[in-house]
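Last residue of the sequence shown: 578 (the working numbering), numbering continuous.
Since the hints were made in silico from the structure, they are not lab data. Hints may contain errors.
[Claimed, not checked] Quick list of in silico lysine-lysine cross-link-like pairs, DSS-like style, CA-CA up to 27 Å: (1) Lys428 <-> Lys410; (2) Lys410 <-> Lys361; (3) Lys410 <-> Lys387; (4) Lys482 <-> Lys524; (5) Lys398 <-> Lys361; (6) Lys368 <-> Lys387; (7) Lys343 <-> Lys475; (8) Lys256 <-> Lys230; (9) Lys418 <-> Lys428.
[Stated by the list, open to error] Each pair of labels, with its calculated beta carbon distance range: (10) Gly334 <-> Lys475: 34 to 44 Å; (11) Thr382 <-> Glu548: 39 to 49 Å; (12) Asp392 <-> His557: 53 to 63 Å; (13) Gln250 <-> Glu507: 21 to 31 Å; (14) His227 <-> Met349: 49 to 59 Å; (15) His227 <-> Asp392: 17 to 27 Å; (16) Thr382 <-> Glu531: 50 to 60 Å; (17) Glu403 <-> Ala328: 37 to 47 Å; (18) Glu531 <-> Asn330: 25 to 35 Å; (19) Lys273 <-> Arg406: 41 to 51 Å.
Glycine included, every Cβ here is placed at the ideal spot set by N, Cα and C.
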Amino acid sequence: MTDKSDDGRSKPGIGRGSLLLQKIKEQLAENESNIVNTSSITYQQESTSQVQALDTTLPLMGRGKASLFNSTKIEKEKEKSSFCELLPTIGKGRASPLGLFKKIITSGQPLMTEQQINTKESIVEKQQSNTRQPVIVQEQIASSSDNAGILGRLSQLSVYENTPVTTTPSQELQVINRQGTSGQLVDIFANYIDLKLDPGRGLFQYEVKFNPDIDSRALRRKLLNQHAAKLGHTLSFDGVLLYLPQKLPQEKIVYKSNHPLDGSPVILTLIFKKKEKMSESVQFFNVLFGRIMRALNLVRIGRQNFNPACAHTVPQHQLEVWPGYVTAINEYEGGLKLCVDAKHRVMRMETVRDLMIEVHKKNQQHYKDYITMEVVGSSVLTRYNNKTYRIDDIAWDKNPMFEFERQGTKTTIIDYYKNHWSLEIKDKTQPLLVYRSKEKLSTGQTHEKLTLLVPELCYVAGLTDSIRSDCRIMKDLNTITKVSPNSRRDIIRNFLQEIKKNSITQEILSAWGLQLDNDLTHLKGRVLMSERIYFGKNKMVNGKPNAEWNMEMVNNHALRAVSMIAITLLRYNLLQNF
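Whole structure, please, built from the sequences with the hints as guidance.
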């Protein structure tokens, strides 16, 4: 706490700074009277952890330094304060001024003038008025080399607990060059395409609040779509968060919508949250690119997309190969990049019904078990809608004559395909395939949805174990699926041109401010020298550019042979007629 003077202003307290200033003033007054009578004072250092104590047993002589220290002791006893006994001999905190004062007194240096004291007093008062933000006394009133005495050294003191650490401007970090120097420079292309974002565009996140509250997500969309003229048709809304390709003029916007059921007013409040970073928007851009793949009429199987219109047929094996692409958008050095790779999918030209008949001919006794092992778990394609399904089970007790309710009326599966898809099912006794999926309701709950498929209309996707074990079939397939790097580059370039020629895909990209580069990412690479291969008996062979050294390994000794101390032989019998 601080005391109040008569005029209402604050006065310094009785801290270490004010005590030091008071003693300096008293000493200055005594020097002006020219009555100096000093006596020797001895100091006794008790230990390294204790402070130096003044030997006040000497008689008081005159009004000089001895009187000053004696008066200091008397004042301490009156205030019953023991802070001096706790101070170290040489400190860096608030106790350092008193320690320095002792050293200056014992050194016999001249004290400062009254003008210097007044200047120093103004600095101390200014520091005490701002106790929450201590400052360093940086203004040097007098240097320690101009015979200023105590003030020259006090100008270097700080009111911090510890001496502040002074930092110098760090040197500029040198850029680390990770490019090599050995080998031959070559031009290479990576299967990445730069995805550029227009200036001022991005992914802006808004929180949408409804008053009164609306639980249905579909109803929330309808209320928000009433303001599509102001918000634009390019948006993404999940019921709570709204994403726009550009920022609205205001941070908070209020709209009024009419409830589609009763026409009551509903207040919509859009609150701007943040602009998504590119690293946070990767998932959104991947979902957006999925719309582009659907606009190109590609069939999605798993996480890959294939083009059935450009299928390669292998008639001798009743197979066809669909070319396709696997894509992924991520943030790399230089911004967003689209990774594209060429993929192939082998599709069988025979239906699941044909496969069932073939298995039944080989195993008539337990044909249901063998058909279940062959079909369940595999992926099938329905060509009438280009959708893929993963078979979960086979309904042996149901056939295409099975009746179900559709739009309030009962109909059979045969009539449904005939009226809806213009397809006629020939075999009316074949079992049905079961596909189970989970459907999310408007209330947020999920329930299992059962889909029955007709084997006659389903085509097996992928390779079976019997096809993989046939060397002739795999050799014919490798001529199509195994492509060289140059052919792979041409496939990706054709895919890029298809996106740029399609008006729907360009509209999707431009609505979100995205642009694909015109070509693949071009880089500079290096072809390193072939490595040397060392064999036994000091034999050295230079490696080949294709890193193939099988013949050299056969024709030369091993560098180090391993002793085979123990050998164990295992014999097992194969199961017969399984």
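Against the structure, the hints come out as follows:
1. Lys428 <-> Lys410: holds, 18 Å
2. Lys410 <-> Lys361: violated, 36 Å
3. Lys410 <-> Lys387: holds, 25 Å
4. Lys482 <-> Lys524: holds, 26 Å
5. Lys398 <-> Lys361: holds, 22 Å
6. Lys368 <-> Lys387: This hinted pair holds, its Cα atoms lying about 26 Å apart.
7. Lys343 <-> Lys475: holds, 17 Å
8. Lys256 <-> Lys230: At roughly 12 Å apart (the allowed maximum being 27 Å), Lys230 and Lys256 satisfy the hint.
9. Lys418 <-> Lys428: Given that 27 Å is the threshold and the Cα spacing comes to 13 Å, the pair holds.
10. Gly334 <-> Lys475: 34 to 44 Å: holds, 42 Å
11. Thr382 <-> Glu548: 39 to 49 Å: With a Cβ separation near 45 Å, Thr382 and Glu548 satisfy 39 to 49 Å, so the hint holds.
12. Asp392 <-> His557: 53 to 63 Å: holds, 57 Å
13. Gln250 <-> Glu507: 21 to 31 Å: For Glu507 against Gln250, whose Cβ atoms are near 28 Å apart, the range 21 to 31 Å holds.
14. His227 <-> Met349: 49 to 59 Å: holds, 51 Å
15. His227 <-> Asp392: 17 to 27 Å: violated, 43 Å
16. Thr382 <-> Glu531: 50 to 60 Å: Between Thr382 and Glu531, where Cβ atoms are some 53 Å apart, the hint holds.
17. Glu403 <-> Ala328: 37 to 47 Å: For Glu403 and Ala328 the Cβ distance comes to about 45 Å; the hint holds.
18. Glu531 <-> Asn330: 25 to 35 Å: holds, 33 Å
19. Lys273 <-> Arg406: 41 to 51 Å: Because 44 Å falls inside the window, the suggested range holds.
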